[in-house]
Amino acid sequence: KAGVTQTPRYLIKTRGQQVTLSCSPISGHRSVSWYQQTPGQGLQFLFEYFSETQRNKGNFPGRFSGRQFSNSRSEMNVSTLELGDSALYLCASTTGSLGYTFGSGTRLTVV
Amino acid sequence: EDKVVQSPLSLVVHEGDTVTLNCSYEVTNFRSLLWYKQEKKAPTFLFMLTSSGIEKKSGRLSSILDKKELFSILNITATQTGDSAIYLCALPPGSNYKLTFGKGTLLTVNP
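Residue numbers (our numbering), protein chains in the order written: chain A, 1 to 111; chain B, 1 to 111.
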């Protein structure tokens with residue numbers, strides 16, 4: 001079966017712009033979570049969605065937002081981009097057990 | 001709050017060497033401990049450890065958990081260049097729906 005699909009794979013944006021990243025989970029997986037990975041901080045939790053409801057949000061500013069659609073696909077948005085937002089953004093889906101499957105991520109570079 | 005600390009943060013070895021990666025953790029309600037390998041983008045699952053003293057093995061990789069001392073180790077014997085990756089240790093979600101990761105160990109295996 002298809003894995004977790006993240007689009008786009010790479011993005012280059014200018015400071016102050018906004019960006020939207022997409023994640024399509026494995027079919028049947030209703031939980032989608034997002035993580036930001038940087039060399040200095042490792043993987044940091046952004047948010048988790050289940051059945052279109054955000055159940056938890058990590059310690060990130062309000063510029064980071066997300067949503068989940070009825071087909072379980074999820075998007076995250078970052079507004080007013082800063083240089084420090086440059087990172088690999090990973091999403092993971094699960095049925096709710098411990099079996100998390102990660103996508104290949106979106107590499108965001110802010111210049 | 002759950003916490004995971006990995007050491008070393010980076011390691012360079014030669015093919016054929018044996019390496020030991022360390023993971024210590026703090027958790028309110030222990031359920032399990034997870035190891036992932038991240039070669040390029042998507043972390044892939046290696047092991048789930050739930051019981052102390054029981055070694056999990058997969059080929060040249062093995063891992064063991066010590067619940068009393070709150071740590072786990074990941075051993076890789078006869079390393080190959082294909083073992084070069086970031087190895088991540090994580091605590092699974094509790095009621096907060098988030099995986100808690102260590103910063104990872106970047107392993108480089110030189111020919």
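The reader is advised that the hints may include incorrect statements.
DMTMM-like cross-link-like pairs, simulated, lysine to aspartate or glutamate; straight-line CA separation at most 25 angstroms [to be verified]: (1) Lys41/B with Glu82/A; (2) Lys57/A with Glu1/B; (3) Lys56/B with Asp66/B; (4) Lys103/B with Glu26/B; (5) Lys57/B with Glu1/B; (6) Lys40/B with Glu75/A; (7) Lys68/B with Asp2/B; (8) Lys41/B with Glu15/B; (9) Lys37/B with Asp66/B; (10) Lys40/B with Asp17/B; (11) Lys68/B with Asp17/B; (12) Lys37/B with Glu82/A; (13) Lys67/B with Glu1/B; (14) Lys57/A with Asp2/B; (15) Lys103/B with Asp83/B; (16) Lys103/B with Glu82/A; (17) Lys37/B with Glu15/B; (18) Lys57/A with Glu26/B; (19) Lys103/B with Glu69/B; (20) Lys57/B with Glu39/B; (21) Lys103/B with Asp17/B.
Just so you know, the hints here were simulated from the structure itself, not pulled from any lab data.
Status of the hints after comparison with the structure:
Of the supplied pair hints, the one linking Lys41/B and Glu82/A holds, its CA atoms being roughly 22 angstroms apart against a limit of 25 angstroms. Distance hint between Lys57/A and Glu1/B is fulfilled; the C-alpha atoms sit about 14 angstroms from each other, no more than 25 angstroms. The suggested pairing of Lys56/B with Asp66/B holds, with an alpha-carbon distance near 13 angstroms, which does not exceed 25 angstroms. Our distance criterion of 25 angstroms between C-alpha atoms is met by Lys103/B and Glu26/B, whose separation comes to about 14 angstroms.
Pair hint Lys57/B plus Glu1/B does not hold up; C-alpha atoms about 30 angstroms apart against a cutoff of 25 angstroms. Taking the CA atoms of Lys40/B and Glu75/A, the gap is about 22 angstroms. The hint holds against a cut of 25 angstroms. Distance restraint check for Lys68/B and Asp2/B: the Cα-Cα separation of roughly 16 angstroms lies within the 25 angstroms cut-off, and the hinted pair is therefore satisfied. A threshold of 25 angstroms between alpha carbons decides the hint, and for Lys41/B with Glu15/B the separation of about 23 angstroms falls inside it, so the pair holds.
With a C-alpha separation of about 21 angstroms, the suggested pairing of Lys37/B with Asp66/B holds against the 25 angstroms cut-off. Taken as a hint, the Lys40/B and Asp17/B pair is honoured in the structure, with Cα atoms around 22 angstroms apart against an allowance of 25 angstroms. Under the criterion of a C-alpha separation no larger than 25 angstroms, the hint pairing Lys68/B with Asp17/B is inconsistent with the structure, at around 29 angstroms. About 29 angstroms separates the Cα atoms of Lys37/B and Glu82/A, which puts this hinted pair outside 25 angstroms; it is violated.
Distance restraint check for Lys67/B and Glu1/B: the Cα-Cα separation of roughly 18 angstroms lies within the 25 angstroms cut-off, and the hinted pair is therefore satisfied. For the given pair, Lys57/A sits about 15 angstroms from Asp2/B by alpha-carbon distance, which is consistent with the 25 angstroms threshold. Distance check on the hinted pair: Lys103/B and Asp83/B sit about 18 angstroms apart at the alpha-carbon level, within 25 angstroms; holds. About 22 angstroms separates the Cα atoms of Lys103/B and Glu82/A, which keeps this hinted pair within 25 angstroms; it holds.
Under the criterion of a C-alpha separation no larger than 25 angstroms, the hint pairing Lys37/B with Glu15/B is consistent with the structure, at around 18 angstroms. Between Lys57/A and Glu26/B the alpha-carbon distance is near 21 angstroms, which keeps this suggested pair within the 25 angstroms criterion. In summary, the hint linking Lys103/B to Glu69/B is supported, as the alpha carbons are separated by about 20 angstroms, within the 25 angstroms threshold. Restraint check for Lys57/B and Glu39/B: satisfied, since their Cα atoms lie roughly 19 angstroms apart, inside the 25 angstroms limit.
Taken as a hint, the Lys103/B and Asp17/B pair is honoured in the structure, with Cα atoms around 23 angstroms apart against an allowance of 25 angstroms.
When each numbered hint is compared with the structure, violations occur for hints 5, 11 and 12.
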